[in-house]
Amino acid sequence: MIDTLRLTAEEAIGLLERKELSGAELHATYIAAIAERDPELHCFLSTVDEPVGAGIPIALKDVISTRGVETTAGSRILSGYVPVFDATVAERCKGAGLTLLGKTNTDEFAMGSSTENSAWGPSRNPWDPTRVPGGSGGGSAAAVSAGLAPWALGSDTGGSIKQPSALCGNVGLRPTYGTVSRYGVVAFASSLDQVGPVAKNVRDCALLYSVIAGRDPRDATTVELPEPVLLPSDDRLDGLRIGIPKQIDVLDAIEPGVRASFDQAIVRARELGAEVGECDLPLSFEYGMACYYLVAPAEASSNLARYDGVRYGQRVDGATYREMVERTRDAGFGPEPKRRIMLGTYALSAGYYDAFYGQAQRVRTLLIREHRAALDTFDVIATPTSPTVAFPLGDKATDPLAMYACDVLTIPSCLAGLPGLSLPCGLSEGLPVGLQLIGQQFGENTLFRAGHALEQAIGFDTVPTRYR
Amino acid sequence: MATPTPSWEPVIGLEIHVQLKTRTKMFCRCSSGYGAGENTQTCPVCLGFPGALPVPNRQAIDWTIKLGLALDCEIAARAVFSRKNYFYPDLPKGYQISQYDLPSCVNGNMLVPTENGDHVVGIVRAHLEEDAAKTVHVGGATGRIGGAETSLVDFNRGGTPLVEIVTAPDISSSEEARRFLQLLRQTIVELGISDAEMEKGTLRVDANVSVRPSGSTELRTRCELKNMNSFSYVARGIDAEAARQIGVWESGSELLQETFDFDAATGTLTPRRSKEEADDYRYFPEPDLVPVEPSAELVERLRAELPELPATRIRRVERDLGLDQAVVLVSGGLDGLWAAAVAAGADGKVAANVIANNVVGAGVDPAAVSPGELARLVGARDRIPRQAFDEAIGKLGEPGFSAEPYLADEAVSDEALLEPIVDAILAANAAQVEAYRGGKTGLLGFFVGQVMKETGGKANARAVNELVTKKLAG
Amino acid sequence: MAITRGEVLHVARLARLDLRDDEIEQLTAELGAILDAVGKVAELDLSDVPPTSHPLSVVNVLADDEPEPSLALDQVLANAPSVDGPLFRVPPTV
Ligand SMILES: [Mg+2]
Ligand SMILES: [Zn+2]
Chain A
1 MIDTLRLTAE EAIGLLERKE LSGAELHATY IAAIAERDPE LHCFLSTVDE
51 PVGAGIPIAL KDVISTRGVE TTAGSRILSG YVPVFDATVA ERCKGAGLTL
101 LGKTNTDEFA MGSSTENSAW GPSRNPWDPT RVPGGSGGGS AAAVSAGLAP
151 WALGSDTGGS IKQPSALCGN VGLRPTYGTV SRYGVVAFAS SLDQVGPVAK
201 NVRDCALLYS VIAGRDPRDA TTVELPEPVL LPSDDRLDGL RIGIPKQIDV
251 LDAIEPGVRA SFDQAIVRAR ELGAEVGECD LPLSFEYGMA CYYLVAPAEA
301 SSNLARYDGV RYGQRVDGAT YREMVERTRD AGFGPEPKRR IMLGTYALSA
351 GYYDAFYGQA QRVRTLLIRE HRAALDTFDV IATPTSPTVA FPLGDKATDP
401 LAMYACDVLT IPSCLAGLPG LSLPCGLSEG LPVGLQLIGQ QFGENTLFRA
451 GHALEQAIGF DTVPTRYR
Chain B
1 MATPTPSWEP VIGLEIHVQL KTRTKMFCRC SSGYGAGENT QTCPVCLGFP
51 GALPVPNRQA IDWTIKLGLA LDCEIAARAV FSRKNYFYPD LPKGYQISQY
101 DLPSCVNGNM LVPTENGDHV VGIVRAHLEE DAAKTVHVGG ATGRIGGAET
151 SLVDFNRGGT PLVEIVTAPD ISSSEEARRF LQLLRQTIVE LGISDAEMEK
201 GTLRVDANVS VRPSGSTELR TRCELKNMNS FSYVARGIDA EAARQIGVWE
251 SGSELLQETF DFDAATGTLT PRRSKEEADD YRYFPEPDLV PVEPSAELVE
301 RLRAELPELP ATRIRRVERD LGLDQAVVLV SGGLDGLWAA AVAAGADGKV
351 AANVIANNVV GAGVDPAAVS PGELARLVGA RDRIPRQAFD EAIGKLGEPG
401 FSAEPYLADE AVSDEALLEP IVDAILAANA AQVEAYRGGK TGLLGFFVGQ
451 VMKETGGKAN ARAVNELVTK KLAG
Chain C
1 MAITRGEVLH VARLARLDLR DDEIEQLTAE LGAILDAVGK VAELDLSDVP
51 PTSHPLSVVN VLADDEPEPS LALDQVLANA PSVDGPLFRV PPTV
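Protein chains in written order, with this note's numbering: chain A, 1 to 468; chain B, 1 to 474; chain C, 1 to 94.
With the rest of the complex left out, here is chain A (with noise of 0.2 Å):
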């Protein structure tokens, strides 16, 4: 009998080349496991009962497009929507063999870091129920810890996938902007959205990532890999230089629990053998946030101009085309695309271009420099991914600044286009703790070298406790 909550993406992997079981019961298995745990949990939006292809379980963010399965983004206004074709990732999983399990929960359009913002209802955490997943993939971590998926795809525009991979105790990896397509993946905000693996452990991440990385000729700004991607084995970080941001000493936001999980963590990578210093990002601790909720609004304002309910999705009828349009997105967008879009606009408009919009992509410029320069010195800076540990459902959500600033951590490394990596760390309060590793532009395998050495050493239990 498999344990699904346990069972990682390789040794699946293994059963079925030594045939001791087939991918349709696997497959099976595992929409056992979501018709066990999701009811609770509400990690998918859909599921596949029957496999396609005889790999490895796969589940995919309701913002990658799937030829044939419904696609919503988490919006009313997709409701109903079904691909007539596949974003290039998922049909480089099905390439792979990798079977579809189902389409996860997602914030709106990505929008949000708790995954409440889903116009189909929140996923919960599986450590603990009345606490939020993060967002805006919370449906993919939560999946992913609860045993559901033994992998999964997310998307990250300022920390959806490194943000509920800390929450919920898993691995995620936001790759070097460029390296995924986003041919297929609903659009929120084009120059920061970069498709990423869930998994339970660093290998399985780099696994995951060497199937869906390199160039794709349907999208303008991917790249082809400077170098193959190399699954990590060595449990040493000799000579590994990583650099700690001083600005995250004065960050009151980061809770106590958190910094000390952090700080053990350094402790570990310095047994070994990192050479560990302090770097300077002042900048981006400054204005990284303001920054990001200029740029990212502008180009959401501007992607979402498509839902007008002539093409695809739902309508709500008038008497002449602009009363249609103006009444379809009314109806169909929820609070935070709504925010999102006059906030873009605003920033995009006559008038304001230039202080707000304008002067964002400048700061956009020194962040980039800021964090070049201390990926001199470092080969990896290191942070807490969140500053909290996974908050109570409801806790933030009437207050939209107060979310924002769940990503204050996740951000900067976005704009700049750099790989974040997110590993389990340890519990406070009983919940994880995330360490982000940020790495060099397609430093992804000296991101996922460090990560494994670490997760060996700490030897967290990705299982949650109540499961165990």
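Hints are computed from structural coordinates only; laboratory data are not their basis.
Fair warning: this is a prediction, and the values are worked out from it, not measured in the lab.
The beta carbon of each residue, even a glycine, is placed where N, CA and C say it ideally should be.
Don't take each hint at face value.
Unchecked claim - Distance ranges between label pairs, derived from CB positions:
| # | chain 1 | residue 1 | chain 2 | residue 2 | range |
| --- | --- | --- | --- | --- | --- |
| 1 | A | 323 | B | 244 | 33 to 39 Å |
| 2 | A | 402 | C | 48 | 32 to 38 Å |
| 3 | C | 44 | A | 49 | 53 to 59 Å |
| 4 | A | 317 | B | 168 | 43 to 49 Å |
| 5 | B | 298 | A | 21 | 53 to 59 Å |
Start from chain A and add chains B and C with the ligands according to the hints.
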């Protein structure tokens, strides 16, 4: 003493949209060909499905640069696509991808040869963008948009590449505008980047028109004219609008900035409804695309591919034929055939007339004509019977055509044979003879024509001419 | 950095959102607070700093002009809320 009302001069700038004849669309690889079933040349990209992304057409970018070079533009070392945001059913993404503050081509000009020197029309910019889809308005009153009960959208045309050319307000009459457009069109066609046919909509012209007291340099309020789908409509639209504006100023009132649609049927201008809020397109750099930075090698390769431009050829042909004939030949793409015929021994002026009138008149494709055979016909024009000549011209385009059989056919110029016919004609038309002798010498052609008719076109026109003149004088 | 109700209405029209009155009230307050926070970026003098619209430094990513198959018509229209034969149907534009 009453001040004389000033005479006015129009100030005209043109915006020309040229649809490139690439095989595929600007940002997806759907065919951009004509005549396919509605919405059958569409894909997730040109339908704006969620997650679909644009990838620019290399050919369209090369052709835009080529056109820029032909218009003497500076080619941008870095061109950037932006998003122009607005809502309309024919705009599937809610924005049009278009070069904005960093277009591919800027600061060019085109020389339009005129009787008094070259008329220089500045080219402010030439940028690349994607076309909108086609919206049909059905039901309601007489298909007018206002009365439509519903609109239907066909996305086949959506996303095909357009180059938008913006001229400086350097044009000061509808005739100048027509000549400029004629020359620009010929240039585009010869570059092989578009069929540039206004009837088909592959060439679209909008005009910005204002007027000012002649001689002044001020720029007054301008109005925009749209939907003029032939050069003559452009000219008529400009004249109508200039006249209207002069009327407004002279009546002492202020001119409002407006946009008009030209109604070809009535030749009148109808104002467009003004929108409730001012346009605010919220342009910003298209984050799904990266910049276009053409290498110096590419630009030089494209420059080397440029044909000799029509304006230059007009000036050269003008030396032999005068400006008007030169413009006719070059704008008609006939000067190549003309030069070849001359090289093959034809007389320049006669050859030009034969090509511009007979060959074109007979609907013969100039490209199919053998210059050598044409030269032989030109040389024999006054010697062989008109009938034979016309018949030969009609067959000029046929493969393997030879002038030989027609050249043998000598026209009758023997006075002994012609005289009785001429006498009979004059006798039969005593009144006209009187009139002629009374000074209406224009009747000469009438008598000659009668004789030619009588001889079934076999008489030599020059011989008949001389004989008739002599007799009438006598 | 407050935003007026009038500005909110103008932006809503640009964005084609037919907001209810209660939505307008709430958004006026929320956007005001958010703009205060993001308005920070105006503090910096960045006149000599070039803007970044993209974290990637590649250029000239283009495709050859080679046709590929389009979608079948039934797929084109599969998700359409309203069609008329092969065409998408929308209410009159004016
Ligand atoms: Mg245009
Ligand atoms: Zn297409």
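Each hint, compared with the structure:
Hint check: residue 323 of chain A to residue 244 of chain B, Cβ distance near 34 Å, so the stated range 33 to 39 Å holds. Checking the proposed 32 to 38 Å range against residue 402 of chain A and residue 48 of chain C shows it holds: the Cβ atoms sit about 35 Å from each other. Under the hint 53 to 59 Å, the C-beta atoms of residue 44 of chain C and residue 49 of chain A, about 54 Å apart, fit the expected range. Taking the beta carbon of each, residue 317 of chain A and residue 168 of chain B are about 47 Å apart, inside 43 to 49 Å as hinted.
Between residue 298 of chain B and residue 21 of chain A the beta carbons are some 57 Å apart, a value that agrees with the proposed interval 53 to 59 Å.
The structure is consistent with each of the numbered hints, conforming to all of them.
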